[in-house]
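Novice: The whole structure should be built from the sequences, with the hints applied where relevant.
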Amino acid sequence: MIRRHPYLFNTLLLLGALLFSIALGAVWIPPQTILRILAGQLPFVHLLADWSTAHEAIILSLRLPHTLLVALTGAALASSGAAYQGLFRNPLADPYLIGVASGAGLGAVLMMTLNGISGQLGLYLIPIGAFTGAILTVLLVYNLARVNGMVPLTTLILAGVAVGAFASALTSTLMLGTDLQIHRAITFLLGGSPIAGWQPVLAVLPYMLVGMGLLTFSGHILNVLQFGEEEAQQMGLDIRRAKIFVIIVASLTTAVAVAFSGVIGFVGLIVPHILRILWGADYKRLLPLSMLAGGSLLLFSDMLARILIAPSTLPVGIVTALAGAPFFLWILRRAKREVFW
Amino acid sequence: MLEVSTLSASYGKRRILHEISFAVEAGEILALIGPNGAGKTTLIRAASGTLPIEAGQVRVRGRNVTKLGIAERARNLAVVPQAQQLGGAYSVEEAVMMGRTAYMGWLGREGARDREIVAWALAQTQLSDYAQQQIGALSGGEQQRVLLARALAQKTPVLLLDEPTNHLDLQYQTRLLALVQKLAREEKLAVVMALHDLNLVSLAADKVALLVDGKLEALGTSQEVLTAEKISAAYRTPVDVVPHPISGVPIIFPGSVD
Numbered sequence: 001m002i003r004r005h006p007y008l009f010n011t012l013l014l015l016g017a018l019l020f021s022i023a024l025g026a027v028w029i030p031p032q033t034i035l036r037i038l039a040g041q042l043p044f045v046h047l048l049a050d051w052s053t054a055h056e057a058i059i060l061s062l063r064l065p066h067t068l069l070v071a072l073t074g075a076a077l078a079s080s081g082a083a084y085q086g087l088f089r090n091p092l093a094d095p096y097l098i099g100v101a102s103g104a105g106l107g108a109v110l111m112m113t114l115n116g117i118s119g120q121l122g123l124y125l126i127p128i129g130a131f132t133g134a135i136l137t138v139l140l141v142y143n144l145a146r147v148n149g150m151v152p153l154t155t156l157i158l159a160g161v162a163v164g165a166f167a168s169a170l171t172s173t174l175m176l177g178t179d180l181q182i183h184r185a186i187t188f189l190l191g192g193s194p195i196a197g198w199q200p201v202l203a204v205l206p207y208m209l210v211g212m213g214l215l216t217f218s219g220h221i222l223n224v225l226q227f228g229e230e231e232a233q234q235m236g237l238d239i240r241r242a243k244i245f246v247i248i249v250a251s252l253t254t255a256v257a258v259a260f261s262g263v264i265g266f267v268g269l270i271v272p273h274i275l276r277i278l279w280g281a282d283y284k285r286l287l288p289l290s291m292l293a294g295g296s297l298l299l300f301s302d303m304l305a306r307i308l309i310a311p312s313t314l315p316v317g318i319v320t321a322l323a324g325a326p327f328f329l330w331i332l333r334r335a336k337r338e339v340f341w
Numbered sequence: 001m002l003e004v005s006t007l008s009a010s011y012g013k014r015r016i017l018h019e020i021s022f023a024v025e026a027g028e029i030l031a032l033i034g035p036n037g038a039g040k041t042t043l044i045r046a047a048s049g050t051l052p053i054e055a056g057q058v059r060v061r062g063r064n065v066t067k068l069g070i071a072e073r074a075r076n077l078a079v080v081p082q083a084q085q086l087g088g089a090y091s092v093e094e095a096v097m098m099g100r101t102a103y104m105g106w107l108g109r110e111g112a113r114d115r116e117i118v119a120w121a122l123a124q125t126q127l128s129d130y131a132q133q134q135i136g137a138l139s140g141g142e143q144q145r146v147l148l149a150r151a152l153a154q155k156t157p158v159l160l161l162d163e164p165t166n167h168l169d170l171q172y173q174t175r176l177l178a179l180v181q182k183l184a185r186e187e188k189l190a191v192v193m194a195l196h197d198l199n200l201v202s203l204a205a206d207k208v209a210l211l212v213d214g215k216l217e218a219l220g221t222s223q224e225v226l227t228a229e230k231i232s233a234a235y236r237t238p239v240d241v242v243p244h245p246i247s248g249v250p251i252i253f254p255g256s257v258d
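Chains as they are written, first to last, in this note's numbering: chain A, 1 to 341; chain B, 1 to 258.
Simulated from the structure, these hints should not be mistaken for lab results. Beta carbons: idealized from backbone N, C-alpha and C, even for Gly. Do not rely on the hints blindly, as some may be mistaken.
When the alpha-carbon atoms are kept at most 27 Å apart in a straight line, the in silico DSS-like pairs for lysine-lysine are as follows [claimed, not checked]:
# : chain 1 : residue 1 : chain 2 : residue 2
1 : B       : K215      : B       : K182
2 : B       : K67       : A       : K243
3 : B       : K67       : B       : K13
4 : B       : K230      : B       : K215
5 : B       : K230      : A       : K243
6 : A       : K284      : B       : K155
Rough simulated footprint, nothing fancy, chain A against chain B, three-plus residues with beta-carbon under 8 Å [claimed, not checked]:
# : segment
7 : 70–76
8 : 96–106
9 : 202–209
To give an idea of the chain A side of the interface with chain B (calculated C-beta under 8 Å), a few residues [as the list claims (entries may be wrong)]:
#  : residue
10 : H220
11 : I221
12 : E230
13 : Q233
14 : M235
15 : G236
16 : L278
17 : G280
Specialist: Okay, structure coming up:
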């Protein structure tokens, strides 16, 4: 049943995660109340407002935007992870492990320190800084890791970790050296949203729609690339253009996620990996499924982050690392025994 | 159908191919032979456009394909790469469908005609029953047929094969060559095939091109090229050549017995 209906299953899972994430918090708001409140917001729907205005305010101005930002971030990280894996022909490429997320973080923080995080203009410039940081990092890591036209696992991860650590160190220096509060800086580096409310959602939305929209269309290119660059070209794919296209789109998607949600690792690794086991490696299917499942996974991680040390909140990046790092080691062990493509 | 004229190509500063010229007619198989490092694979890469050429031309139906864009070139020349371990991720049908890339555009949206041609390519290579199987689970001989089917799906008048019988056992070697012969005759394909096993060459090829150190040493029928004198000199090892007792094609024994 689950295997035969990947889209249905993942959509239902995501809807459930969204609803549960809105319900969960200092006050539990029952899902049916949430649905009625949300339905009441739709045009031409008139419901008797039998809910408390406090609940309505909590949902509409806090939990709904937070939940949407988390879901979009998860979707972006998982799908760009899948795209990097296809591009590098390496199942362990993840925006965090290959350093791109840290590079994006550096770019974002650079923009924050230059503009001040509160300024309206600054808010919209942050993704551009993150995007520039991500592109430069991916090009650097790619060229460092390349050996005879291949990108082997060891050099990719080593180059990614080294470049990522360097970028993170620069980011910390910048954050601690300027008037951004230490707490906010640490939260960002560990993967937590620095700002609440609708503003970040509206700031990421256009980039996310473009980035993930274009990623959805890269499935065929990535499939053909799996046979190697030379064969892909002999089949008629302009590999230079294809690679540049995927790098730009995946980096844009990663960068926007990092810009407002901090450096969150392992989502881009775990989600495509599980999806491949369940529904195969066809990128035409893997990319949209990664968006749905990535949203769900990060929402569940975020819920854990909110309840583990309640009433305070852990940065969600800590939760994904706690779950993701052992998962990464498990894949490594498996990779030693079998070749999966 | 295929004309290669004064083709030269290099890796970096080292020139690998020196002014190679030959022509292959529709329905004809040209075998490319020569010792390791003679430039067989380089010639196929240069002709298919994955290695930039320095001088010369590759013409398909009179058109210079080196001047064409990547997709247009893939509609004129298809390459069957060396036998290799294919990853397990795709079904046979999906892998063969990727041969339609040059016709499908970036989104890879497949039309009725693409599906029709893929079904034809699968039938030609006796893979129809395997369409839904994962390519990683297939035997070496079956995987090589998948690569051939993928090249057929490109619907090109010219087919280039790079040592397609490598790693295959005797049964699969002869079956694959018989299949290539049948396709060349029935589909009027011009075929260039790099081969190591000289006895397979005399079995399957209409013409033989002998490459040594990137130069074309001999070009002709297998009787003309597969002589003890030419092969001994090219491979720097003594060989005996005798005619097959039934068909009369040359048979090559390494190590002279006199």
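Novice: Each hint needs a verdict: does it hold in this structure or not?
Specialist: Results of checking the hints against the structure:
1. A threshold of 27 Å between alpha carbons decides the hint, and for K215/B with K182/B the separation of about 30 Å lies outside it, so the pair is violated.
2. About 22 Å separates the Cα atoms of K67/B and K243/A, which keeps this hinted pair within 27 Å; it holds.
3. The suggested pairing of K67/B with K13/B holds, with an alpha-carbon distance near 23 Å, which does not exceed 27 Å.
4. Distance hint between K230/B and K215/B is fulfilled; the C-alpha atoms sit about 14 Å from each other, no more than 27 Å.
5. Annotation: proposed proximity of K230/B to K243/A is violated, straight-line Cα distance about 46 Å (limit 27 Å).
6. About 24 Å separates the Cα atoms of K284/A and K155/B, which keeps this hinted pair within 27 Å; it holds.
7. For the segment 70–76 of chain B, the stated coverage by chain A holds: 5 residues have a C-beta nearer than 8 Å to a C-beta of that chain, and at least 3 were required.
8. Counting residues of the segment 96–106 of chain B whose beta-carbon sits less than 8 Å from any beta-carbon of chain A gives 7, enough to reach three: the coverage restraint holds.
9. Proximity of the segment 202–209 of chain B to chain A, defined as three or more residues with a beta carbon under 8 Å from a beta carbon of that chain, is not established by the 0 residues found.
10. Here the hint on H220/A is kept, as its CB sits about 2 Å from the closest CB of chain B, short of 8 Å.
11. Evaluation of the I221/A hint against chain B yields a held restraint, the C-beta minimum of about 6 Å falling below 8 Å.
12. Taking 8 Å as the C-beta contact cut-off toward chain B, the hint placing E230/A at the interface holds, the least distance being around 5 Å.
13. The closest approach between the C-beta of Q233/A and any C-beta of chain B is roughly 6 Å, which is under the 8 Å cut-off, so the hint is satisfied.
14. Satisfaction of the interface hint for M235/A is found here, the shortest Cβ-Cβ separation to chain B being roughly 4 Å, below the 8 Å cut-off.
15. Checking G236/A against chain B by beta carbon gives a least distance of about 3 Å; that is within 8 Å, so the hint holds.
16. The closest approach between the C-beta of L278/A and any C-beta of chain B is roughly 13 Å, which is over the 8 Å cut-off, so the hint fails.
17. With a cut of 8 Å, the hint placing G280/A at the interface with chain B holds, because the nearest CB-to-CB distance is about 7 Å.
Figure legend: structure checked against the earlier numbered hints; hints not met, in rising order: 1, 5, 9, 16.
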